[in-house]
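Engineer: Kindly generate the complete structure, drawing on both the sequences and the hints.
Protein chains in written order, with our numbering: chain Z, 11 to 123; chain S, 199 to 310.
If you are wondering where the hints come from, they were derived from the structure by calculation, not from laboratory data.
Treat the hints loosely; a few may be bogus.
Have a look at the derived ranges for each label pair, beta carbon to beta carbon [stated by the list, open to error]:
1) N29(Z) x K215(S): 25 to 35 Å
2) S278(S) x P75(Z): 44 to 54 Å
3) D236(S) x Q26(Z): 24 to 34 Å
4) A76(Z) x K216(S): 44 to 54 Å
5) T66(Z) x S280(S): 44 to 54 Å
6) T218(S) x E68(Z): 37 to 47 Å
7) K255(S) x S51(Z): 26 to 36 Å
8) E277(S) x A76(Z): 40 to 50 Å
9) Y61(Z) x K269(S): 48 to 58 Å
10) V250(S) x P86(Z): 21 to 31 Å
11) V250(S) x A38(Z): 18 to 28 Å
12) P17(Z) x Q201(S): 26 to 36 Å
13) Q26(Z) x I210(S): 38 to 48 Å
14) N36(Z) x K269(S): 31 to 41 Å
For the chain S half of the interface with chain Z, some residues (derived, Cβ under 7 Å), not all of them [claimed, not checked]:
15) M248
16) E260
17) F301
18) E303
Some chain Z residues close to chain S (C-beta under 8 Å, calculated; not the full set) [said to hold, decoys possible]:
19) Y23
20) F49
21) Q52
22) G53
23) Q59
24) F73
25) I112
A virtual CB, placed ideally from N, CA and C, is assigned to each residue, including glycine.
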Amino acid sequence: LAKTTQPISMDSYEGQEVNITCSHNNIATNDYITWYQQFPSQGPRFIIQGYKTKVTNEVASLFIPADRKSSTLSLPRVSLSDTAVYYCLVGGTRRNQGGKLIFGQGTELSVKP
Amino acid sequence: EAQVTQNPRYLITVTGKKLTVTCSQNMNHEYMSWYRQDPGLGLRQIYYSMNVEVTDKGDVPEGYKVSRKEKRNFPLILESPSPNQTSLYFCASSPTSTGELFFGEGSRLTVL
Numbered sequence: 011l012a013k014t015t016q017p018i019s020m021d022s023y024e025g026q027e028v029n030i031t032c033s034h035n036n037i038a039t040n041d042y043i044t045w046y047q048q049f050p051s052q053g054p055r056f057i058i059q060g061y062k063t064k065v066t067n068e069v070a071s072l073f074i075p076a077d078r079k080s081s082t083l084s085l086p087r088v089s090l091s092d093t094a095v096y097y098c099l100v101g102g103t104r105r106n107q108g109g110k111l112i113f114g115q116g117t118e119l120s121v122k123p
Numbered sequence: 199e200a201q202v203t204q205n206p207r208y209l210i211t212v213t214g215k216k217l218t219v220t221c222s223q224n225m226n227h228e229y230m231s232w233y234r235q236d237p238g239l240g241l242r243q244i245y246y247s248m249n250v251e252v253t254d255k256g257d258v259p260e261g262y263k264v265s266r267k268e269k270r271n272f273p274l275i276l277e278s279p280s281p282n283q284t285s286l287y288f289c290a291s292s293p294t295s296t297g298e299l300f301f302g303e304g305s306r307l308t309v310l
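Structural biologist: What follows is the structure, given as structure tokens:
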């Protein structure tokens, strides 16, 4: 099962682009990469998921290089409300992937005015 | 409204007194799982269930039990709680067609 490593914390300013990288050297062929956002006293919330190359939705982009040993969550033009903990998750809940999931320790993003 | 509901949200108990944290989802998801969250350790999976009557251990299953008798419910049982089980617990569910996990609001448990 792939272990993930993320920076413990990051600081940014409003309006900047933030990139958070997650390392997952032992990722398996069937594993997907998913990112979650968590505010204090709330459950994590899904942001984006990808398998390879680049995925973009209305809130973020996910960049995955060809070897898939890392991934980068990109948040464009962050605001104060993006201050949260961001978790990288490698694995899957699909029937043929098994159900064991390992979250990284999370990256605490602090956005300053 | 699609949601995962956990109860109780807060509980203070004493060592050795059996307790159950309930989890229910209304999205007809097959996959359900439990996590504990402790400072500096992130989210760690306790148990998961791929479907009714199918459960398996996660990363930190010691001291916990689960059951999955119905699709919507996945209770977490602490038969003899100890202080090191003081934590914030989250239940989550996911459909089999996607990997997106839907989390409950969390249950903060204190064992004295």
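Engineer: Does each hint hold? Answer for all of them.
Structural biologist: Now for the hints, and whether the structure bears them out:
no., hint, in the structure
1, N29(Z) x K215(S): 25 to 35 Å, "violated, 47 Å"
2, S278(S) x P75(Z): 44 to 54 Å, "holds, 47 Å"
3, D236(S) x Q26(Z): 24 to 34 Å, "holds, 31 Å"
4, A76(Z) x K216(S): 44 to 54 Å, "holds, 51 Å"
5, T66(Z) x S280(S): 44 to 54 Å, "holds, 46 Å"
6, T218(S) x E68(Z): 37 to 47 Å, "holds, 39 Å"
7, K255(S) x S51(Z): 26 to 36 Å, "holds, 28 Å"
8, E277(S) x A76(Z): 40 to 50 Å, "holds, 48 Å"
9, Y61(Z) x K269(S): 48 to 58 Å, "violated, 28 Å"
10, V250(S) x P86(Z): 21 to 31 Å, "violated, 42 Å"
11, V250(S) x A38(Z): 18 to 28 Å, "holds, 27 Å"
12, P17(Z) x Q201(S): 26 to 36 Å, "holds, 32 Å"
13, Q26(Z) x I210(S): 38 to 48 Å, "holds, 42 Å"
14, N36(Z) x K269(S): 31 to 41 Å, "holds, 32 Å"
15, M248, "holds, 5 Å"
16, E260, "violated, 15 Å"
17, F301, "holds, 3 Å"
18, E303, "holds, 6 Å"
19, Y23, "violated, 26 Å"
20, F49, "violated, 11 Å"
21, Q52, "holds, 7 Å"
22, G53, "holds, 3 Å"
23, Q59, "holds, 6 Å"
24, F73, "violated, 18 Å"
25, I112, "holds, 7 Å"
Violated hints for the displayed structure, listed by number in ascending order: 1, 9, 10, 16, 19, 20, 24.
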